[in-house]
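> What follows is the residue order along each chain.
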Amino acid sequence: MSQLIDLRLGEKRILKGFEDPQVGLRLLSMGIQPGVEISVRRSTFNGHTLYVRANGKTIAVRKKEASKIQVH
Amino acid sequence: MIKVAIAGNPNSGKSTLFNKLTGLKQRVGNFPGVTVDRKTAEISHSGTDFLFVDLPGTYSLHPTSSDERITSSILVQPDDPDYPDLVLYVLDARSLEQQLLFLTQIIDLGLPVVVAMTMIDEWHAEEIDIKDDKLQKFLGCPVRRVSGKTGENIESLKDTLVACSKTLSKPQPFYDLQQQELFILEQCPSSSFPSGLSSYGQLLTLEHAKELDLLSEDKLNQLESIKAEHKFNAIKSQVHETMARFDRIQPLAKKVTTQITPSESLSDRIDQFVSHRYFGPLIFLGLMFLIFQAIFSWATYPMDGIEWVFASLSDLTRQFLPAAWYTDLLTEGILAGLGGVLVFIPQIAILFLLLSVMEEVGYMSRAIYLFDRFMSRFGLNGRSIVAMISGGACAIPAIMSTRTIANPKERLLTIFITPFIPCSARIPVYIVLVGFVVPSETYLGPFNAQGMVFMGLYVFGIAAAFLSALLVRPFISGQTSGFLMIELPDYRRPDWTSVWMNVKTKVGAFITEAGKIILGISLVLWFLASYGPGDQMEAAVQEARQEAEIQNWDADRTENYVAAKQIEASYAGHLGKAIEPAIEPLGFDWKIGIALLTSFAAREVFVGTMATIYSIGDTEDELRVRDRMAKEINPKTGGPRYDRATSISLLLFFALALQCMSTLAVVKKETNSWKWPILQFVFMTGLAYVVSLVAYQLIQAL
Chain A
1 MSQLIDLRLG EKRILKGFED PQVGLRLLSM GIQPGVEISV RRSTFNGHTL YVRANGKTIA
61 VRKKEASKIQ VH
Chain B
1001 MIKVAIAGNP NSGKSTLFNK LTGLKQRVGN FPGVTVDRKT AEISHSGTDF LFVDLPGTYS
1061 LHPTSSDERI TSSILVQPDD PDYPDLVLYV LDARSLEQQL LFLTQIIDLG LPVVVAMTMI
1121 DEWHAEEIDI KDDKLQKFLG CPVRRVSGKT GENIESLKDT LVACSKTLSK PQPFYDLQQQ
1181 ELFILEQCPS SSFPSGLSSY GQLLTLEHAK ELDLLSEDKL NQLESIKAEH KFNAIKSQVH
1241 ETMARFDRIQ PLAKKVTTQI TPSESLSDRI DQFVSHRYFG PLIFLGLMFL IFQAIFSWAT
1301 YPMDGIEWVF ASLSDLTRQF LPAAWYTDLL TEGILAGLGG VLVFIPQIAI LFLLLSVMEE
1361 VGYMSRAIYL FDRFMSRFGL NGRSIVAMIS GGACAIPAIM STRTIANPKE RLLTIFITPF
1421 IPCSARIPVY IVLVGFVVPS ETYLGPFNAQ GMVFMGLYVF GIAAAFLSAL LVRPFISGQT
1481 SGFLMIELPD YRRPDWTSVW MNVKTKVGAF ITEAGKIILG ISLVLWFLAS YGPGDQMEAA
1541 VQEARQEAEI QNWDADRTEN YVAAKQIEAS YAGHLGKAIE PAIEPLGFDW KIGIALLTSF
1601 AAREVFVGTM ATIYSIGDTE DELRVRDRMA KEINPKTGGP RYDRATSISL LLFFALALQC
1661 MSTLAVVKKE TNSWKWPILQ FVFMTGLAYV VSLVAYQLIQ AL
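Residue numbers (the working numbering), protein chains in the order written: chain A, 1 to 72; chain B, 1001 to 1702.
No lab work stands behind these hints, which were simulated from the structure alone. Treat each hint with caution, since some may be false.
To be verified - Derived lysine to aspartate or glutamate pairs resembling DMTMM-like cross-links, with alpha carbons at most 20 Å apart:
no., chain 1, residue 1, chain 2, residue 2
1, A, K57, B, D1049
2, A, K57, B, D1121
3, B, K1254, A, E37
4, A, K16, B, D1079
5, A, K64, B, E1487
6, B, K1516, B, E1332
7, B, K1003, B, D1049
8, B, K1255, B, D1129
9, A, K63, B, E1487
10, B, K1170, B, D1268
Treat the numbers as computed from the prediction; the structure is a model and nothing was measured.
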């Protein structure tokens, strides 16, 4: 099982699902649903906050949240 | 009067469209219970009167933030004063799928909808186009393209609103409720839900009644027990509903959009620098530095102008009115107090102008992205940075800007520590005192030593703010927010109307909130400094005039000497002497005591008070005051009164103490209780006392 935090910078995967319903609901309503392409474009010092691109949108997520996002 | 709610996702061009529709007729108020801006406007078109209410940007009616809770609670309560007759949905077609989620939810509430597609100027760059009529047919509601930027098609949109207001026809529901959802609704007595609510509206009420405070306690308990009895899993239901909607939306979006080309957008290229892990924070600090430079250089002229206006008014008043107590009240009390408030407007206006532009352009979310980790270590939020920077001009609008911080604990902590950030009122005090710590022509390498001490004081204030956050954090109840998950919108050109309205609101808040208090306290202090017990003041004036005669001083010098003796004999003077024993260990005497007391109205009053006490008359010129202070001798030591130890101690006191009644008043208003401003005052002033004490004693000992 891969999570978003396991991805290398720039690596593109397909979003599989969410391990935390609150994370899921928020991201779903932002238009980031299972089946879309997702990648981590860059991150802050020490990788604590991630700059994520998915489905044409850009969002900032914390490492903790990223560990709950499953990818294929 | 037709009520139109303007709804849409955040960053969809909603505010821009609102501005274009309503011009400057908008009014800014509050949503009850939460301090989020409520923008409304009334306009007329073709004989129909409309009331527009701008609802907070929302991704979905299943709320995940306080903004979204407002929107949801309004749209599921037909009895709510803001419940609309018609919804104007703002759609950014560049992310059609996501934006359609909320729209289909609103349709399912049984509300008539008109869709306005914005950002059309950007379609060409993204190489997409939308088939309006197909979309209109799928949704069952009118769809109109508009340009929020150029105003293209706004009139046509208004015509559509008028037409729709006459029929108020509702589109077909979009989502079919599942078996278990219909079942659970049937189990609830019909009285549980307000009348006029669609099935979907009832489902939302069932799922969110508790967090949105929709029902009375017994109805709520009843619903909760029905849910428990039938093991109804609300979250599972919400997830299923959302995914079911997207299942229908996705193919629809494809049919309606032609040729989407994903592009390495301009925003991404800009972010390569701006959001870079090392350069990003550096760029941010650089921008902050530039902002401060801009504030201090651009603001000087208007500030001088305002000071000149009030000085002239004061002179004129003295010319036309006889020398009586009410003339003094008018000039030294009211005019001086008013002038002291209004003189800060240029700095505040410039700061908020620049901050608004940064927000409008989309940069602020990048700043939050870069500093979220750092800030949350202190129990603060990425948005706290905005408040802390604003605090560099004035804590009052800074504290008001914390309304955008959703989490109550993070917001309270931010409010608590913001006054540590050196505000513009501390600067005149610093200018006077820095000269005593470091002589002006010294250089440390290529750097001017005074400039460095100045910067050091800024760093000191910022450090004090963060350290206090750590100290105070355990004492505030509640949890800091678990989630970030914010959108970083594409960079865009700022909407100048929004910027202007923001500046106007912030400056207005400063004038009304701070202005009232500073004026009030100025009057009190004027009274304390102009009147004394019994006839001690008259006696002092007599003595002073006699002394002046003996010494054969000219008129000016005499008046200044008289003024100094007057303030000694006044209530303020007595208070100063009374606290002298308490402040002596800090290296202060009773004259400094008086100035400390008067500075509690507003810090910059320190300079004027010093001028009066040291008989230089009515001046605000820091350098003159400083020169005079330098000559003052400490009777106990025979050396200068303002030696290095006393000056450092005084500087530290001003850096840390909460000497601004207006700040306390605003904190009370924003936190709705006296507890926090009082705690803040005790904490900061107590800290100032201790630090000054330690500093003075240490430096003396060395």
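> Verify the proposed pairing of K63(A) with E1487(B), using a straight-line Cα cut of 20 Å.
holds (16 Å)
> Check whether the Cα positions of K1170(B) and D1268(B) lie no farther apart than 20 Å.
Measuring from Cα to Cα gives roughly 40 Å; hence the hint is violated.
> Below or equal to 20 Å on CA atoms is what counts here, so check K1254(B) against E37(A).
holds (16 Å)
> Does K1003(B) pair with D1049(B) here, judged by a C-alpha cut-off of 20 Å?
Cα-Cα ~9 Å, so holds.
> Tell me if the straight-line CA distance from K16(A) to D1079(B) falls inside 20 Å.
violated (41 Å)
> Check whether the Cα positions of K57(A) and D1121(B) lie no farther apart than 20 Å.
holds (18 Å)
> With the threshold set at 20 Å, check whether the alpha-carbon distance from K64(A) to E1487(B) stays at or below it.
holds (17 Å)
> Are K1516(B) and E1332(B) close enough, with their CA atoms no more than 20 Å apart?
holds (16 Å)
> So if I understand the rule, the pair passes when the alpha-carbon distance is 20 Å or less; does K57(A) with D1049(B) pass?
violated (38 Å)
> Taking 20 Å as the top limit, are the C-alpha atoms of K1255(B) and D1129(B) close enough?
Since the Cα atoms of K1255(B) and D1129(B) sit roughly 11 Å apart, the hinted pair holds (cutoff 20 Å).
Violated hints, in rising order: 1, 4, 10; the structure is consistent with all others.
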